[in-house]
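J.: Read off the chains here:
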Amino acid sequence: MALLEIRNLHATVDGKPILKGIDLSIGKGEVHAIMGPNGAGKSTLSYVIAGREGYEVTDGRILFDGEDLLELEPDERACAGLFLAFQYPVEIPGVTNTTFLKTALNAQRKGRGEGELDAMQFLKFVREKAKPLGIGDDMLKRAVNVGFSGGEKKRNEVLQMAVLEPKLAVLDETDSGLDIDALKIVADGVNAMRRPDNATLVITHYQRLLDHIVPDRVHVLADGRIIKSGGKELALDLEAKGYAQFGGAAAA
Amino acid sequence: MAKETMTDFPLAAAFDEAAPRLPGSDVAWLDALRAQGISTFRAHGLPSRKVEAWRYTNLNALARAGFAAAEVDVKLAALPDGAALALDDACSIVLVNGRLRPDLSDLDRLPDGVSAEGLGDLLRRAPSRAESLIAPAPNASAGALAALNDAFLEDGLILQIEAGAKVDVPIHLVAVGVPVPGKAIAFHPRNLIVAAAGSHATFVESHIGAAQGSYFSNGLTDVRIGRGAMLTHAKFQDESAAAFHVALVRASIGEDASYDSFVLHRGAELARHEVHAAIDGSGAECRLNGAYLGTGQQHIDNTTVIEHRAPGSRSSEVFKGVLADRAHGVFQGRIVVHRDAQQTDGNQLNKTLLLSRNAEMDTKPELEIYADDVKCSHGATVGELSEMELFYLRARGIDEATARDILVSAFLSEAVSELRDETLASIFAERITGWVDARHADDAEKAA
Amino acid sequence: MVATPETIEQLRSVTDEKYKYGFVTDIEADVAPKGLNEDIVRFISAKKSEPDWLLEWRLKAYRAWLDMDSPDWAKLKIDPIDYQDAYYYSAPKIKDGPKSLDEVDPKLLETYDKLGIPLKEQEWLAGVAVDAVFDSVSVATTYKERLEQEGIIFCSISEAIQNHPELVRKYLGSVVPYTDNFFATLNSAVFTDGSFVYIPKGVRSPMELSTYFRINAQNTGQFERTLIIADEGSYVSYLEGCTAPQRDENQLHAAVVELVALDDSEIKYSTVKNWYPGDENGVGGIYNFVTKRAACRGRNSKVSWTQVETGSAITWKYPSCILQGDNSVGEFYSVAITNNCQQADTGTKMIHLGRNTRSTIISKGISAGRADNTYRGLVRIQPKAESARNYTQCDSLLIGDRCGAHTVPYIESRNPSATVEHEATTARISEDQLFYCCQRGLSEEEAVSLIVNGFCREVMQHLPMEFAVEAQKLVGISLEGSVG
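Protein chains in written order, with the numbering used here: chain A, 1 to 252; chain B, 1 to 448; chain C, 1 to 484.
Same shape as in the complex, but just chain A:
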């Protein structure tokens, strides 16, 4: 059974149809990439999967590990093992990174019926995860994403992913705003987490992230529909020829 099964998904934002019938199936151990021009509905898809308010599903369904995802609140989805790396990570003044991560991790452990980590256990655990990402104690003590550079924010997203160990990670334009070194750190972080029982959905405009996180399948999203799917070579083809071949939507 696929880990994520999207069938005929239609969604609107402010009454405007954005997703117009998406079918997508991601199996355990797989990495899929969704590529597409601006305005194709890529971020909408990630928000619909994560359950953001205001993104209304008008038709279709999403099954996650056999469970109806659309029935769940955003935090229940997270506890079920779904992780969204935000395109624009949110700044939360007054909440330190450590507090945030600890609260989230313990909420999820509780949801899975596991015991909570105490402060010492947690700190040891998070430092282990932070080190390869080049995140030191100072960054852990600062308020969530406040005053972080673009690269720091994205590394922070990957750290959260490493700490929360999701079944499915959706990376929404995680490459945007990153220089090549930062891109490599982020990609290494993501690759380090690949296991036979989890999966990754990479949403991106450019092919370059896919040099580092190599996908099993590539899908082209345009005007709310997946109009083409193929192997990793499809990404290279897109890089060479652009989105124009898929019609007007590319102009954006």
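Derived from the structure by calculation, the hints contain no laboratory data. Be a bit skeptical, because a hint or two may be false.
[What the hints assert, rightly or not] Stretch by stretch, here's where chain B covers chain C in the computed footprint (C-beta under 8 Å, at least three residues): (1) 187–195; (2) 399–405; (3) 423–435.
Since the model is a prediction, treat every value here as computed from it, not as a measurement. Using N, Cα and C, we set each Cβ at its ideal position, and we do this for glycine too.
Starting from the known structure of chain A, fit chains B and C onto it as the hints suggest.
T.: Here is chains B and C on its own, set in the frame of chain A:
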């Protein structure tokens, strides 16, 4: 100026009867001060909303409640447990219904360089010495309620920090309101805090109620900070739920001196904390910060006026609050930069979260500037929790109620962290967390 | 801020100018007796052959006014005004009123020429229709026929009362009731003329409409009344300009402007106020006590106020928006410059009643000399204004150390889903900025003018082109003598 209307407040009538019982009632200057106070109050009455400074705070409920002068003897053997701030090694001084209670206070173990005495005691023993201490500063603001405090001047704390003294033990004034069943009582504590040149001290106030019931505390505190002195002044207002708490602080800040003040409102049916800070010396610094937590039908008013009267001074204000249910918040902040106060730096920020459809916030941040080489700014926002922040937390697996709590606490922590004394800041933060948790529990109970 | 060569050139050309509109036109006038009483109200109404309902309305206003007090909450020092020591009606003598522009008294045409407002259509800035108000009456309206083709009514309010009484009766006083405030009530009793605009359903006005006010006669109060109605789906941009001769006594200008925007309509109202501000010692100048208010009644309606206030001895003015229709939008963009002894207390009110209503307030106050400049604004979110948004930014600039700049915002929020944001700053022109400009060859006054224009840019860019250039010049002129 619009005419103030509510003139038939019973306290005005009660004065004649109460006056002979007040300490030092035969002392000429004191009689004159009280007579002036009551005549001013009688002329104006309680301020109505037509008075600009009271535009958003309606005292009708206070007028209706009546309020007589406080009973002389209140039985209170011990402080209510856990109500006042938990300051471990502080030196406590206790006021019960506005009267200093040596039996409950630590007057015998004051730190070096600190003198503390009761105003009432001083008025009886050495009224002439009291006169120079009580005399208000030339520019001190008055008003009907300050005049009422003058009229009923009776007791309070006189705290003096010697020049150059570096006092690391906080002085903790615990003001307890003890309601008298079947009777609405009023008291008018008058405190004076003098931090002489070069001294460092921390003065903390806890205003708490000994039992449920109504009373009216109309306090006035004069603060004088001498050249190069540093005073931290923190206050925890957690009066009984039916109490009225009105307090005016008149601070004068000398050259190179620093005043770091913070107030947390949690209790009272109606609370108004008003600070008039005059920066009289160059290079001085004034920091007025606060947080307010409103539930039920609480009305919480923070009013500040900072006057920059000398060049090269700095002021900053951060007031943040959370209003739930039908709570009503008010923030009025005025920064005045006088003609010669060049190189003034003044910043002010007021942010409020409305957690319910029926909560209400009125904000009036005001700048009045007469000097050109100044940098002044203010900002104000009113709104609800950020949907995006909430979603971000929930997307990490945190349930909605917890996510809200986290964001509310974080929102308030910005104001608390303005307090430079980290120990104090963490004590206030705990009180805020306590409030948030209690609300959470309440909500859970309602939902169940 | 970018100093374009054109800007600098413009400013250079005006640095030597004083108040150039200070001349007096010698023209025979029809004047009511001095003073104010019911007979004067009847006299004005009779002069204009008004219907009874309007006379009654005026009289009700007059009686209400007698019981009112002049407002004292503004941060203004106003010498008591003797309302009996003024004329309430003054009209240039004309035989039966001009039928066309050719019949307008040449002296009047000359006056408007001197003011830079030629009333001959071929000479006027292409595409701007003008209603010229001289003291108490409208003397000419241009481009009437062209506008009539579109069904647009643009005329003096006196004409509208005669020709379109149903519209006037329906809307007059519906936004600013005759009991509203001391000055508006006085205006309701004695208003003499003003402009009337009606834009029919679905029509976009093909040109800018404009009124030009001129106070000429001595001791004359000007009480004009403007009423603009934008019917469903219509659009109009309206400009207002003012000047007055240089006189030693103060003159009173107490206008009322009412705007009504119905569903999906938009009104853009721009003002460049250049009333005589008095001399550098505070002698003379106009007292400008104006009530301007817009009712955004319709869904998706929008009203945008843009004002550049440089004149008047005293300004008391709060162009406001009642955001009643769902999704309606109110905007207020203001530059207020005070120099010498001028005082301005100005701002706006944004009253959010409908769902999803939005308002933006950008206010730039510049104070120089011994002047005082106050921003006073109210943002009120009523309980039903779901998801309302307000953003307010108030910046003050002080030039010299004898002036004052004040910011008094009132924010009242009664809906948690609303977002209200207010920011204000006060600063002065830095020595570094001045030195930088001077080092590049600008005189200090040019530099100040340039920097101030930069400071005001966010507001100026909302003015129609024709006005923007004039407004930029005004900034320079108003600040003369403020440095050095």
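J.: Decide, hint by hint, whether the structure agrees.
T.: We went through each hint and held it up to the structure:
no. : hint    : result
1   : 187–195 : violated (count 0)
2   : 399–405 : holds (count 7)
3   : 423–435 : holds (count 6)
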